[in-house]
Amino acid sequence: MMKRNHVTAVMIILAVCMTIQFVVAEDGAAEMRFQVSGEGSVSDAETGLHWTTKDNQEDIDWHKATTYCHELVLDRSSNWRLPTIEELEAIFDERGYRGPLSVKISRSSSWSSTRDGSSSALYFDFNYGSQGTSVLELSGDLRALCVRDSDEKAE
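Counted the way mature numbering (1 follows the signal peptide of the UniProt record, and there is no 0) counts, the sequence shown spans residues -25 to -1, 1 to 130.
Hints were generated in silico from the structure; no laboratory data involved. Fair warning: there could be bad hints in the mix.
Distance windows between CB atoms, simulated [said to hold, decoys possible]: (1) R51 to N102: 31 to 41 Å; (2) R56 to A20: 14 to 24 Å; (3) K39 to G15: 15 to 25 Å; (4) E14 to E112: 15 to 25 Å.
Every residue, glycine too, gets a C-beta built ideally from N, C-alpha and C.
Just need the whole structure built from these sequences, with the hints factored in.
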């Protein structure tokens, strides 16, 4: 009986160790995905996109969010834009609240460039434990997180 308890204890310890290694490996992979590419941006090895390391830090409507990204000059690049809803969904990490740890999102919801009719656009809410999109009138106030394509040269 004692030998059986010992074997069971060893199996439990092995299972816990394997689980911890799996979680550490996944977290390490997530951190390697986003690498600092400038003073204010990170590159995403999975998508090839560059993201600003923080959003605009204030609520603005969709038109102002679009303008903010288009006028942004960061890391010698002026080709920033508002991301599509698919691009925002792609950086969502279920283990990390509010997106990847390399990107600071000051509010849970960020505008996307994806329109839904003439008076609405989709936004992504990083606050929930799953990916999702919602429709908000263009005059609503959310944050702008900017992105640029990696093949675009710095200007």
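Results of checking the hints against the structure:
For R51 paired with N102, a C-beta distance near 33 Å keeps the hint of 31 to 41 Å intact. Hint check: R56 to A20, Cβ distance near 20 Å, so the stated range 14 to 24 Å holds. For the hinted restraint 15 to 25 Å between K39 and G15, the CB-CB distance of approximately 19 Å keeps it satisfied. For E14 paired with E112, a C-beta distance near 35 Å fails the hint of 15 to 25 Å.
Checked against the numbered hints given earlier, the structure breaks only hint 4 and satisfies all the rest.
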